[in-house]
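Asks: Take a look at the letters that make up each chain.
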Amino acid sequence: NAGVTQTPKFRVLKTGQSMTLLCAQDMNHEYMYWYRQDPGMGLRLIHYSVGEGTTAKGEVPDGYNVSRLKKQNFLLGLESAAPSQTSVYFCASSSLDRYGYTFGSGTRLTVV
Amino acid sequence: GIQVEQSPPDLILQEGANSTLRCNFSDSVNNLQWFHQNPWGQLINLFYIPSGTKQNGRLSATTVATERYSLLYISSSQTTDSGVYFCAVTRGGADGLTFGKGTHLIIQP
Chain A
1 NAGVTQTPKF
11 RVLKTGQSMT
21 LLCAQDMNHE
31 YMYWYRQDPG
41 MGLRLIHYSV
51 GEGTTAKGEV
61 PDGYNVSRLK
71 KQNFLLGLES
81 AAPSQTSVYF
91 CASSSLDRYG
101 YTFGSGTRLT
111 VV
Chain B
1001 GIQVEQSPPD
1011 LILQEGANST
1021 LRCNFSDSVN
1031 NLQWFHQNPW
1041 GQLINLFYIP
1051 SGTKQNGRLS
1061 ATTVATERYS
1071 LLYISSSQTT
1081 DSGVYFCAVT
1091 RGGADGLTFG
1101 KGTHLIIQP
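Going down the list, the sequences are from chains A and B. Residue 109 in this note's numbering sits at position 109 of the first sequence, with consecutive numbering throughout. Residue 1043 in this note's numbering sits at position 43 of the second sequence, with consecutive numbering throughout.
Same shape as in the complex, but just chain A:
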């Protein structure tokens, strides 16, 4: 039982490049989330999904897009990366009751 798996773990991008972060969960959770964590800050919600085929904006959605074509996967895309998007990105999932959240191990992204 792997829980929540994020790929890649590290990535360096040049300004203007695009990339996709993949999150996969094997717990049959309905809800999935993408957060970013910056130094001295807590986690901030980028986008979330309440089920397959649905997505919604969180606190800091600008510059990101997401898709949830399959229940177990939640993709985060950066169409044109900017240095301000340098951060650690965490994916999480939860069941309908949202008693417990499971986080992935994070993706450290640097945009130069």
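FYI, nobody ran anything at the bench for these hints, they're computed from the structure. Be aware that one or more of the hints could be misleading.
[Said to hold, decoys possible] Think about it this way: if two alpha-carbon atoms lie no more than 30 Å apart in a straight line, the pair counts; the simulated BS3-like pairs of lysine-lysine are:
#1 K9/A with K70/A
#2 K57/A with K9/A
#3 K14/A with K1101/B
#4 K71/A with K57/A
#5 K1101/B with K9/A
#6 K1101/B with K57/A
#7 K1054/B with K1101/B
#8 K70/A with K57/A
#9 K14/A with K57/A
Go by the hints and put chain B onto chain A.
Replies: This is chain B only, laid out in the frame that chain A set:
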């Protein structure tokens, strides 16, 4: 949106000491959770505690929903308790958790 404030921001203790971490939130919530982020960055869910008191080994938590605060107690601290402790809340619906900025705890041997 809802505001979450944690205190203290930093705490340095000797092994064996006890500590209390506080979380204040600005509005009523139906979900409050405590997380530990270890030095390697992994986030571990400690408690789901929108109200009442829970205990798990050396850790316990209390939430007083009517007064909009929660406390996390760590007793007999060990070096493995080091890391950042986050409080996170949500008011309801399907939206994600709102996190505080965390308390950075260092336990010295």
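Asks: Run the distance test for K1101/B versus K57/A: straight-line Cα separation, threshold 30 Å.
Replies: holds (21 Å)
Asks: Could you grab the alpha-carbon distance between K70/A and K57/A and see if it respects the 30 Å cut-off?
Replies: The hint holds at about 18 Å.
Asks: Are the Cα positions of K71/A and K57/A separated by 30 Å at most?
Replies: Judged against 30 Å, a Cα distance of about 18 Å means the pair holds.
Asks: Given the proposed pairing of K1101/B with K9/A, does the C-alpha separation stay at or below 30 Å?
Replies: Answer holds: K1101/B to K9/A is near 23 Å, not above 30 Å.
Asks: With the threshold set at 30 Å, check whether the alpha-carbon distance from K14/A to K1101/B stays at or below it.
Replies: holds (29 Å)
Asks: Are K9/A and K70/A close enough, with their CA atoms no more than 30 Å apart?
Replies: Holds: K9/A and K70/A sit about 22 Å apart, inside 30 Å.
Asks: Starting from K14/A, check that the Cα of K57/A is at most 30 Å away, please.
Replies: holds (25 Å)
Asks: Does the structure keep K57/A and K9/A at a Cα separation of 30 Å or less?
Replies: Within the cut-off at roughly 24 Å; holds.
Asks: Quickly compare the C-alpha distance for K1054/B and K1101/B to 30 Å and report which way the hint goes.
Replies: holds (23 Å)
Of the hints listed earlier, there is not a single one the structure fails to meet.
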